[in-house]
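There are 6 protein chains.
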Amino acid sequence: MSSVMSASRQPIEYRDATSEVRAVYDDIMKTRQTNWVNNFWKVLAHDPPTLRRIWGNIKEVMGPGLLDPKIKELLYLAVSASNGCRYCIASHGAAARKQGMTDAQYSEVLAIVGLANETNRLVTALDVAVDPQFL
Amino acid sequence: MSSVMSASRQPIEYRDATSEVRAVYDDIMKTRQTNWVNNFWKVLAHDPPTLRRIWGNIKEVMGPGLLDPKIKELLYLAVSASNGCRYCIASHGAAARKQGMTDAQYSEVLAIVGLANETNRLVTALDVAVDPQFL
Amino acid sequence: MSSVMSASRQPIEYRDATSEVRAVYDDIMKTRQTNWVNNFWKVLAHDPPTLRRIWGNIKEVMGPGLLDPKIKELLYLAVSASNGCRYCIASHGAAARKQGMTDAQYSEVLAIVGLANETNRLVTALDVAVDPQFL
Amino acid sequence: MSSVMSASRQPIEYRDATSEVRAVYDDIMKTRQTNWVNNFWKVLAHDPPTLRRIWGNIKEVMGPGLLDPKIKELLYLAVSASNGCRYCIASHGAAARKQGMTDAQYSEVLAIVGLANETNRLVTALDVAVDPQFL
Amino acid sequence: MSSVMSASRQPIEYRDATSEVRAVYDDIMKTRQTNWVNNFWKVLAHDPPTLRRIWGNIKEVMGPGLLDPKIKELLYLAVSASNGCRYCIASHGAAARKQGMTDAQYSEVLAIVGLANETNRLVTALDVAVDPQFL
Amino acid sequence: MSSVMSASRQPIEYRDATSEVRAVYDDIMKTRQTNWVNNFWKVLAHDPPTLRRIWGNIKEVMGPGLLDPKIKELLYLAVSASNGCRYCIASHGAAARKQGMTDAQYSEVLAIVGLANETNRLVTALDVAVDPQFL
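Sequence order for the protein chains is A, B, C, D, E and F.
Read left to right, the first sequence gives residues 940 to 1074 (our numbering).
Read left to right, the second sequence gives residues 940 to 1074 (our numbering).
Read left to right, the third sequence gives residues 940 to 1074 (our numbering).
Read left to right, the fourth sequence gives residues 940 to 1074 (our numbering).
Read left to right, the fifth sequence gives residues 940 to 1074 (our numbering).
Read left to right, the sixth sequence gives residues 940 to 1074 (our numbering).
Calculated directly from the structure, the hints in this document are not laboratory data.
Since this is a predicted model, take the numbers as computed values, not measurements.
Do not rely on the hints blindly, as some may be mistaken.
The list treats identical chains as interchangeable, and a pair is accepted whether it falls inside one copy or across any two copies.
Stated by the list, open to error - The calculated BS3-like cross-link candidates involving lysine-lysine, where the alpha carbons are at most 30 angstroms apart (straight line), are:
| # | residue 1 | residue 2 |
| --- | --- | --- |
| 1 | K969 | K1037 |
| 2 | K1009 | K1037 |
| 3 | K998 | K969 |
| 4 | K1009 | K998 |
Isolated chain A (complex conformation):
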């Protein structure tokens, strides 16, 4: 009987994937104009409906919209940094780089993430009433 952390959750490579999974991999590569798929999708591929569903969400939410693609990646990166998700920081950090994020801009993002986490706790602990001007 396999563990939840076992080989049963190893990344599934394109050559080993079903046609259903390959179709998602193909769409990821086409959408991102790359020739490889990152591990997150290859691990999700053990559960094809979830692979398809999550990719559909990412494609819609992170696709063309009102905010600039770079801003969207910075937001995803900031939330991932705030949550301490190492893989997500690596993958969305790479995506933000691709959109032009510099080292110095990343430092600004992290400074904001850190400070927001500080003031969020102070505000909540102090139970500050929302100003009428904000309502």
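Assemble the complex: chain A is given as a structure, and chains B, C, D, E and F must be docked to it using the hints.
Leaving out everything else, chains B, C, D, E and F in the frame of chain A:
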């Protein structure tokens, strides 16, 4: 003896503030070009060194830098939404509005915050290995 | 059929409690040398085994030990503030007050809670390697 | 002087344990009908009262009750996955497997954990009022 | 200019909804066999693509699968309780009730959520190594 | 183009640091009366204004105040343990050791952190009303 949630933590108005506290209030209003100070600062004013220190941090981190002021506010707002800090959402939401954030853009921010929280958990639970391409 | 937020979770007063629940209330009041029981216990009383179990844990962990009772309450308060649990801040804030925590000391506690939340995120996002000196 | 991460927190094996600690190990193995004890308990064993207390809690909460043992393990696993506790996912994942959780069922658990984290943030950020029907 | 917490985020009633939004409301009511829609959806309705997308996710993840519908609701409820999302506890608590969750079963769920949060922190702080048996 | 996790974030040693960064390193060593600087600062050094700002905050908040230095380190350690920041536990654990924290006292800290996380969730999920005595 007062409670940690008592009147001793009510907002301190300008007219009731010491000159040390007024100096910070003045700098907040001058920097933001407003004629009022929001409750967060008025509650922090019970502890003037913390008021001065946190304002100094906000002024430096959220002041002119490499990222556009609007992007900075969107990042602060996204982290606050992810952390569920109602007051912070209200105050940084107002600041983002001031910088031009529309209703529809705010919807995009929230969609990213929500989705990042979903995928952050999936990635962490699945213990996905960082791709060499991201290192 | 009742809601999870319904009257079925209203505080159970001493006069309405079973002898099993009263025994816990009595022990709480005796241990704390008070003549009342706060709402947390009165709500837990809908599930007497949990009431008894959680009180047993609190009595053991927060009872006499190696750290001063005041320090213990400050630690409980700090974690509750970090987690944003309003009721817990109120109740453990009151307990800390009883142990002598002043307004100014509470401000120091909150400053530490806020700053730790900031640096915790920076450290995790930057994936800082533990120094050999710390191992 | 030892570090908080030093050898002083290495797992304590049965052969090296005091009789007080062995009694808990024996009860864990008897209750779980296994012939080994996992690292969590062996590390907690540096603090025998905490070892005894936490085991007592687990034994009571996770023991026979109203919900099926498998459901209980799925709930523990879901919360651990939501909190990103790698060890807890591994240990409660193994326990859930023992109760019959399949790979595909685990995928469903993770899908729920992920989606709940997404909608939890949306709901909180949008400050949605509780419907009267739910009260 | 409206606030992020303003009337622009008030629930949109069926009579005031566009046909695109009504189609989602209709599908929610048909799927759940109810004659009303709860506030979460009515607030999301300000952003129809997100309304449609999130409902699509919920319908797929919480629809018929391998785990019993009641178990699924208990899992959603447990994660929501762990995250402290009051609205989500109310709404998924109601859904779990509908599936047969009793008061006493809910108490068991909460006991597991609380204990998992305790041991998750102990395990992480103690940096416990995953046992080979779990890999 | 470098990754967010690349060599561009490796610790900057004193010999390789600019005079601006060295000035902060010197102040850290002087303040702490040590002859080395830990990795957190050496990684922050890629962004000198953040290095200076965060050190200024730590120096002020963790410097002499109303609470004993040992208590301050225990509070920082408790919050870091609650947040699961491994590096922070190691570094503030070492600082607390230096202030006299024993193994047994650390066990008490962790017991409080764990229990607070448990009761924080119970209280929030049960939506317990704050007692008038605490207001």
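Verification of the hints:
no.: 1; hint: K969 x K1037; result: within (16 angstroms within a copy, 38 angstroms between copies)
no.: 2; hint: K1009 x K1037; result: both (9 angstroms within a copy, 21 angstroms between copies)
no.: 3; hint: K998 x K969; result: both (11 angstroms within a copy, 28 angstroms between copies)
no.: 4; hint: K1009 x K998; result: both (15 angstroms within a copy, 24 angstroms between copies)
Taken one by one, the earlier hints all hold for this structure without exception.
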